[in-house]
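Chains as they are written, first to last, in this note's numbering: chain A, 20 to 402; chain B, 55 to 477.
Watch out, some of these pointers could steer you wrong.
[To be verified] Estimated spans, in silico, between C-beta atoms of each pair:
#1 I31/A / I244/B: 22 to 32 Å
#2 E67/A / T211/B: 48 to 58 Å
#3 T310/A / S103/B: 30 to 40 Å
#4 Y123/A / F99/B: 31 to 41 Å
#5 I68/B / A387/A: 51 to 61 Å
#6 G365/B / Q214/A: 41 to 51 Å
#7 K399/B / I397/A: 30 to 40 Å
#8 I155/B / A180/A: 32 to 42 Å
[Claimed, not checked] Which residues of chain B face chain A? A partial, calculated answer using Cβ under 8 Å:
#9 I137
#10 G317
#11 K435
#12 Y448
[To be verified] Okay, derived cross-link-like pairs now, DSS-like style, lysine-lysine, Cα gap no bigger than 25 Å in a straight line:
#13 K395/A / K305/B
#14 K464/B / K126/A
#15 K298/A / K135/B
#16 K126/A / K132/B
#17 K298/A / K216/A
#18 K399/B / K387/B
#19 K298/A / K132/B
#20 K128/B / K126/A
#21 K69/B / K128/B
#22 K305/B / K26/A
#23 K26/A / K379/B
#24 K135/B / K126/A
#25 K25/A / K305/B
#26 K387/B / K26/A
#27 K399/B / K305/B
#28 K135/B / K301/A
#29 K435/B / K174/A
#30 K93/B / K156/B
The hints are simulated quantities; they were obtained by calculation from the structure and are not laboratory data. Virtual Cβ for every residue (Gly too), placed ideally from N, Cα, C.
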Amino acid sequence: MNNIIKKFLPQILAILFVVLIFGFLTINAQTNMDNRGIDFGFGFLSQESSFDVQFSLIEYSGSDSYARAFLVGLLNTLLVSFISIIFCTILGVIIGVARLSSNYLIKNSAAWYVEFFRNIPLLLQIFFWYYAALRALPLPEKANAWFGVTYMTVKGYYIPAMVWENLNVFLYCGLAAIISIIVLRNYANNLRDTQGKQIPVLLYSIAILIVLPLLSFLFGGVSLEFELPQLKKLSKISYIYEGGISLPPELIALVLALSLYTSTFVAECVRAGIEGVSKGQKEAAASVGLTPNQVLKLVIMPQALRIIIPPTTNQYLNLTKNSSLAAAIAYPDLVLVFAGTALMQTGKAIEIVSITMLTYLTISLTIAAIMNWYNKKIEIKEK
Amino acid sequence: MQTINFLKPSRDNIKNYSIIGSFLVLISLIDVISNAFLKTNLTSFLPGSLSSLFPLILGLIGLNMMRIDYSGNKTLDKLNKNINTNNFNAVLTLLILFSIIKALPPSLSWMILDANISGDSKDACTGTGACWTYIKVWFRRFMYGMYPNEFHWRINTAFILVIALGFVGYFMKENLKKYLALYYVIIYPIIAYLVIYYLISGGSFGLQWVETGAWGGLSLTFIVSFFCLIFCFPLGMIFALGRRSNLPAIKYISICYIEFWRGVPLITVLFMSSVMFPMFLPEDFFMDKLVRVIIAITLFEAAYCAEVIRGGLQSLPRGQYDAAKSLGMGYWKMHIFVILPQALKLVIPGIANTFLALVKDTPLIFVVGLAELAGMLALAKTNPKWLGFAMEGYIFASIIFWIICYAMSKYSYNLEAKYKTER
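Next comes chain A alone, as it looks inside the complex (with noise of 0.2 Å):
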């Protein structure tokens, strides 16, 4: 009897506690709600929006409904991260093998960049590159061009845009190289377990990715025109580029900073992985006689692999969740567009606001589900 309530009596009153706190809180906002005449709903979603979004990666206008607007915010959000994940991955990658290099200089300048970006909070290095640094970029007309096509000015960089004739046939053709490679593989790695034979797989890959394409321009059809940014006048004193694609400035102020600050923690999970494989492994992999790429290749990397990749994933969902930040410079995330804007015209706090949570939420877990998964995967499996 005694071990019962033991037992249950702290749970019955943490529930109760929690129960308590939720109701307090729903009764609440209930009769806030009916003093200001707000009612609860999410009805508000597929009304008019009916405002703009000055960069947005689907077609969006202010007629269209505020879920799309939503979508287009999500979106934003996404391209912001992923660009930046590509570059703090890169960067990381750079710095962390450079820390452990045996030159002195290199050591210590990886060492400092580290010590630097790391200790600047996000907000205001983003608050420098647009405010300060992006700023003193030339005027569209006194811009210099970069590789000879792109324009990098105050008002944004400009780049060419790709011009496709029947992109999906170049499409397939890429899938159909990628999927005969895969059954390449498979097949070069049954010759090699059941009779010994080695065949250069990477090699014929390479030959696959590049013929396949290039089949598809010769016979399917497929054409790539680019279109350059041509500079504009529009009034006496203001020019503009027209034509290929614009990056905003907020877009890079936003990609530079965090990819700059993320990059430094990555950094430093590449730098403990390779540290944290042992060197007996090394060594004992070399006088098995492998040689140094495949130890590098089948020995090093599985093992640094292991412990890099799970921090690493978490410093990729802070990226992610520090692009909201994207709000203080106007860039038109899912924070500054849904939680901004729209709770601004329709005053639903409690709706959009957990939209808002929820969305980060679900993505936060989703790639901690997937990143437990994975680690179960590659756990080693002792015997």
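Given chain A's structure and the hints, the job is docking chain B onto it.
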């Protein structure tokens, strides 16, 4: 007779090669330095791209000549081992040296040589460099926000008092030490709150009332992060214990809490505190904006704190639990006297890291209209009398934050190293 190979550097011709090599490296460095500082191109007689690559090629040849293994010369050996192990490393070494030299003159002239600091208006800034006058004039605003100038001593006194009270633990008598945890977890936060409330807010003891809207600058960063830290620690401890509990209801409530706050960005939490929170409060109940922000950040950071403490709890060997249980201790007795004292000592570095993240996150409170350092900068930047000094402002703020965060990260690193050896 031993032949001496003059073409390949070795121990036999060490003198010739090391002298020629260092001479070549010296020339390449002189070329770059004169290029950067004196703006004269010594190698202008060479055709275009070769002229700019000249120092690199020369330096590379020089370093190649100096690369003699086991030369017997200590300095040379050290140099070779550290910056000159192979050609690739030599190129990187030269590139880093050159870029440092190239970057020095413009940054020096912008920050110091051509900069202005005298005067107290925009007109004093005539040079092409930075305008530190701007920082000088706005310094008090950056530190104290809109807090009235004549009351700044109140903020200073309050901070000194709070810090002094924090060190009380070190000077406590031996027989009082057992109450240390009690002091830090319950008594200290209350005293600190009272000190800050009565000194900075004022309103009694003849001190004029200053509303929280006027607080700002770096001092607000300290106030927010300080309160969030002392509140989130006990809360985090509760949820860490909850997550490790055997009772399913408590365990899952804790897991939900922790995973929820860890899954959302702080900026949405602050949005919640500013637009959603008032809806959930009783009708005639008013809560100050600053208090709401502190509650929101505390709830948020408590989840991170809980995970750090859980790590400490998990790293304790099972034997500690078993031993405590075999002595007949109950859950609370076991945790208070055996588990937590050991676990908390382990997690101090982790807590320091959480606190570091917290300090770096405080600039975000600008979204609810509280202007700490970054917010004050945004305000100063749009002041019509001081347009165009964004760069100086952000560099100043970055330096300040960098010093604070770097000191803290070094401190937490030292703590980590200290506790590692003790166990």
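- Message: Under the constraints set out in the numbered hints, which ones does this structure not fulfil?
- Response: Hint check: 17 fails alone, others pass.
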